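So the sequences go chain by chain: A and B. Residue numbers for the first sequence follow our numbering, so the first one is 1 and each next one is one higher. Residue numbers for the second sequence follow our numbering, so the first one is 1 and each next one is one higher.
By construction, these hints were calculated from the structure, which means they are not laboratory data. If you're wondering where the values come from, they're calculated on a predicted model, not measured in any experiment. Incorrect hints may appear among the rest.
Each pair of labels, with its calculated beta carbon distance range [stated by the list, open to error]:
{"hint": "1", "chain 1": "B", "residue 1": "216", "chain 2": "A", "residue 2": "198", "range": "41 to 51 Å"}
{"hint": "2", "chain 1": "A", "residue 1": "43", "chain 2": "B", "residue 2": "189", "range": "32 to 42 Å"}
{"hint": "3", "chain 1": "A", "residue 1": "91", "chain 2": "B", "residue 2": "379", "range": "43 to 53 Å"}
{"hint": "4", "chain 1": "B", "residue 1": "41", "chain 2": "A", "residue 2": "38", "range": "40 to 50 Å"}
{"hint": "5", "chain 1": "B", "residue 1": "387", "chain 2": "A", "residue 2": "136", "range": "40 to 50 Å"}
{"hint": "6", "chain 1": "A", "residue 1": "38", "chain 2": "B", "residue 2": "522", "range": "35 to 45 Å"}
Part of the chain B face toward chain A, derived, beta carbon under 8 Å [said to hold, decoys possible]:
{"hint": "7", "residue": "216"}
{"hint": "8", "residue": "337"}
{"hint": "9", "residue": "341"}
Counterexamples of contact, computed for chain A against chain B with all Cβ distances above 12 Å [claimed, not checked]:
{"hint": "10", "residue": "103"}
{"hint": "11", "residue": "109"}
{"hint": "12", "residue": "165"}
Where is the CB? At the ideal position from N, CA and C, for every residue including glycine.
This is what each chain is made of:
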Amino acid sequence: MKQDNIVTPDAGSGNGPASGGNAVEVKDLVKTFDNGNVRALDGVSISVPVGQLLVIIGLSGSGKSTLLRHLNGLHLPTEGSVEVLGNIIPNLKRPELRSLRRDIGFVFQQFNIVGRLTCIENVLSGALGRIRGPRIGAMMYPKSLRVEAFEQLERVGLADRAWQRTDTLSGGQQQRVAIARSLMQKPKIVLADEPVASLDPEISGQVMELLVQCCIEDGITVLCSLHQVDLALGWADRLIGLRDGKVVLDSLVKDLDQEEVMGVYRELDPTGEKENEYSVSETDPSSQ
Amino acid sequence: MSGVNNREQVSEQVDKQKESGSPDQISRPWNLRRVQIWSFVGFLLVAFAWSVRRVDLSFSGIIEIVEGWPATWSLLKRMVPPSLPSEDIDLIISLSLDTFFMAFAGTAVGLVLGIPLGLLSARNVMPWASVRALSRAIIVFSRAIPALVFAIFFVRIYGIGVLPGILAIGIHSIGMIGKLTADAAEDIDIGPREGVTSTGAGPMQDLATGVWSQMVPTVITISLYRLEIDFRSAPILGWVGAGGIGVLLRSYQGGLRYQEMLGITLLIVVLVILLEALCAVTRNALLGTTERLPKNLKTKSIFASFVSPGQKIADLIINRSGRKKTQGEQSTESRLTAPWTVERIKVNTVSTIFSVLLVLSFIIPDIGAKEILTDSGNIPEMLRRLTPDNWSWWSSRILSDLIDTVGIGMAATGLALLFAIPFSFLAASNTAPGRFVYLCSRLFMLVVRCVPELVVAVIFVAAIGPGPRAGTLALSIGMFGFVTKLFADAIEEARQGIRDGVVSTGSTRLQESTTAVLPQVVTSMISNSMYLLDVAIRSSTVVGIVGGGGIGFLVVNSARQLQWDTLGGIIFCIFVIVYAIELLATWVRRKVE
Chain A
1 MKQDNIVTPD AGSGNGPASG GNAVEVKDLV KTFDNGNVRA LDGVSISVPV
51 GQLLVIIGLS GSGKSTLLRH LNGLHLPTEG SVEVLGNIIP NLKRPELRSL
101 RRDIGFVFQQ FNIVGRLTCI ENVLSGALGR IRGPRIGAMM YPKSLRVEAF
151 EQLERVGLAD RAWQRTDTLS GGQQQRVAIA RSLMQKPKIV LADEPVASLD
201 PEISGQVMEL LVQCCIEDGI TVLCSLHQVD LALGWADRLI GLRDGKVVLD
251 SLVKDLDQEE VMGVYRELDP TGEKENEYSV SETDPSSQ
Chain B
1 MSGVNNREQV SEQVDKQKES GSPDQISRPW NLRRVQIWSF VGFLLVAFAW
51 SVRRVDLSFS GIIEIVEGWP ATWSLLKRMV PPSLPSEDID LIISLSLDTF
101 FMAFAGTAVG LVLGIPLGLL SARNVMPWAS VRALSRAIIV FSRAIPALVF
151 AIFFVRIYGI GVLPGILAIG IHSIGMIGKL TADAAEDIDI GPREGVTSTG
201 AGPMQDLATG VWSQMVPTVI TISLYRLEID FRSAPILGWV GAGGIGVLLR
251 SYQGGLRYQE MLGITLLIVV LVILLEALCA VTRNALLGTT ERLPKNLKTK
301 SIFASFVSPG QKIADLIINR SGRKKTQGEQ STESRLTAPW TVERIKVNTV
351 STIFSVLLVL SFIIPDIGAK EILTDSGNIP EMLRRLTPDN WSWWSSRILS
401 DLIDTVGIGM AATGLALLFA IPFSFLAASN TAPGRFVYLC SRLFMLVVRC
451 VPELVVAVIF VAAIGPGPRA GTLALSIGMF GFVTKLFADA IEEARQGIRD
501 GVVSTGSTRL QESTTAVLPQ VVTSMISNSM YLLDVAIRSS TVVGIVGGGG
551 IGFLVVNSAR QLQWDTLGGI IFCIFVIVYA IELLATWVRR KVE
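Could you build the full structure based on these sequences and the hints that come with them?
In structure tokens, the structure reads:
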């Protein structure tokens, strides 16, 4: 069951919009919780072309996480359709959903790596979709996968920590391990749910840059939810703003000028109550 | 300026309070919760008073013991000096080894069966409710039935020997291991598991990487904890013919050879202490102090403060290999295999030792692999005979013995608590009047805790005659050691800051303990007391086997007279009582926590 010829993703899919159909197609998505009492998503429609770097901004509770969690089937829609990489998610059977998930990396706000395991074990768990059967311990994975896991750890700059337990690492390092795990999947799409919300501003910039760089290199479509607008402006192709489960802004970044960016803040937060949620980060990732 | 204002406001408030402070506000108002608590306390006191009368330990009962003292004293004198007869020494050694390996293999059987059952009964692992209910039922049943009862059953099937002992320990262990495993599985973080699921992992992969890897430290703790318990219960199983040193204990008691009896008892105590030390060292080596454990398993080992050689040895090895590593560049090849870290050396050493012990435990004692094949066919027939068709087995003797059993359990719990509450303050490092008192108390508890209850019961029965009185006193000693440790550990976790606050008012040491420490630990004390009652009732069902009163006597007797339906009926009654007490205890613990 050795899998030595692991297919590398098509490097030609490139960067920028519309180079081969849509990776994500969401139509009139409605999601209610608590027996319909809470309307987390209220008729959201977006389509994301392959290779696009899309940032979803919005206040906490605006539905960003809920939207992202629909895209890999962690949530199922109440109404509307979700189509990812040509698969209509609610129609998928469990094995089909699993094989779709293999193509979608997910980076969580709380990292969601197993603290007791070593870095390399966590990264290797990203390859579980490619092999059969359970694994306990890094040495149970084939050598070719271990080599690959090392390469991914090198990309995130943590190869020297490979055999260290992840709960001994700092927050930024843990998120880098989580990114390496996602890259290990050889994903076509990476979903990042507030990947830097629990990190300090400087580390946030570094981690964001790392994530984006790796995804551009591998030609991965990125959907990332963020708190800080200015952190997104440095690299995103497109901005989507959510408020109370509705899309209130959808624009390519190159079309936005400074005036409009300020408008985005106002649009999302008309009362100005939660202004400090949009803290301006101390370092601009694009200048590093 | 504002300071002046504040002061005025405060004095105004004080004045107001003075005006409105009528005498009826001085005492605490009654509310529903307070009524509930005090009526429950009242109920417990009445129950305790009843149970003490029931087991003949009320005032007149104690007078009787005191009056009978000369006879007891002459018996005790016949026990000293303890001796191990030299003509039996080979037998003693081989039986001790049998006992050790019986406990070890029994725990292994318990783990092999209990962990999968535990996982199957965890809500977040097993989606099918029917499978969960079935595995939970097996777990509850094997927890409620004492190992000695299982031993009687298996001795009947496989004959006298070590095999019934292994199976009895193993089957009974399923209960605790299964329950704690299920709790551990249900307690894991959902986040990392979601992370694993998001990579497209299948259900078994998710179980191994997302669930199991988070559970490992808890499972290690559970296993070692269970091993300790099984080491304590194994020596007595020989009493009903299930192999090991208990056989000898019984034959010496039967032959009224009291010196030898005490000798064997002390030998058992020493063995149990050694084995507990082994478990403590192992736990230290595997988990150290870094692992995060669920609170209910965070029991500090009695040896924790005395041993940590594992760390030092491992550090030594690492320092040597670490120096080598920095000199030469690591090759890419070697990076791909796990390096020799402290943790890995420890884990490998410990698992090697345990594998060797496990293999030995199926080789050294003569377990009789043949019997497994030839006699296992009798199990269904035995089970059928144990199922009573009608109520003809029921007798008033059974009822009265069952009530005795509950009485023994409650009286033993009450007596143990009576002494444990004050004593635990002496055994906690932060409230003990001095280092010396603390160490002596801990040492005393360590010894008390290591004496298997049934072995104490044998001594008590010999000293003050058979009956519930002996059983209660014997149990209460074991319970005392057990609960004092739990209490003392809770006291040591009390927050220093609150105590500083009380000390700053100029209080004495006793006032400080009652005002600052007791309120902090009282909920954990209540919760532990209910747990104690649970454990005591379980044990009280078996003290009768060695003559300590209660239903245990009828258990052995009906097995001896081949009255299988009676035995089955009694087992059912034991199950009902133990399970009812467990439900009550869990309910109360949930209320106070």
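Hint-by-hint comparison with the structure:
1. B:216 to A:198: 41 to 51 Å: With a Cβ separation near 26 Å, residue 216 of chain B and residue 198 of chain A fall outside 41 to 51 Å, so the hint is violated.
2. A:43 to B:189: 32 to 42 Å: Between residue 43 of chain A and residue 189 of chain B, where Cβ atoms are some 34 Å apart, the hint holds.
3. A:91 to B:379: 43 to 53 Å: holds, 50 Å
4. B:41 to A:38: 40 to 50 Å: holds, 44 Å
5. B:387 to A:136: 40 to 50 Å: holds, 42 Å
6. A:38 to B:522: 35 to 45 Å: With a Cβ separation near 40 Å, residue 38 of chain A and residue 522 of chain B satisfy 35 to 45 Å, so the hint holds.
7. 216: Nearest chain A Cβ about 7 Å off; hint holds.
8. 337: holds, 7 Å
9. 341: holds, 7 Å
10. 103: At about 8 Å from chain B, residue 103 of chain A fails to clear the 12 Å cut-off, so the statement is violated.
11. 109: violated, 9 Å
12. 165: Nearest chain B Cβ is 8 Å from residue 165 of chain A, so the label is violated.
In summary, the numbered hints that this structure violates are 1, 10, 11 and 12.
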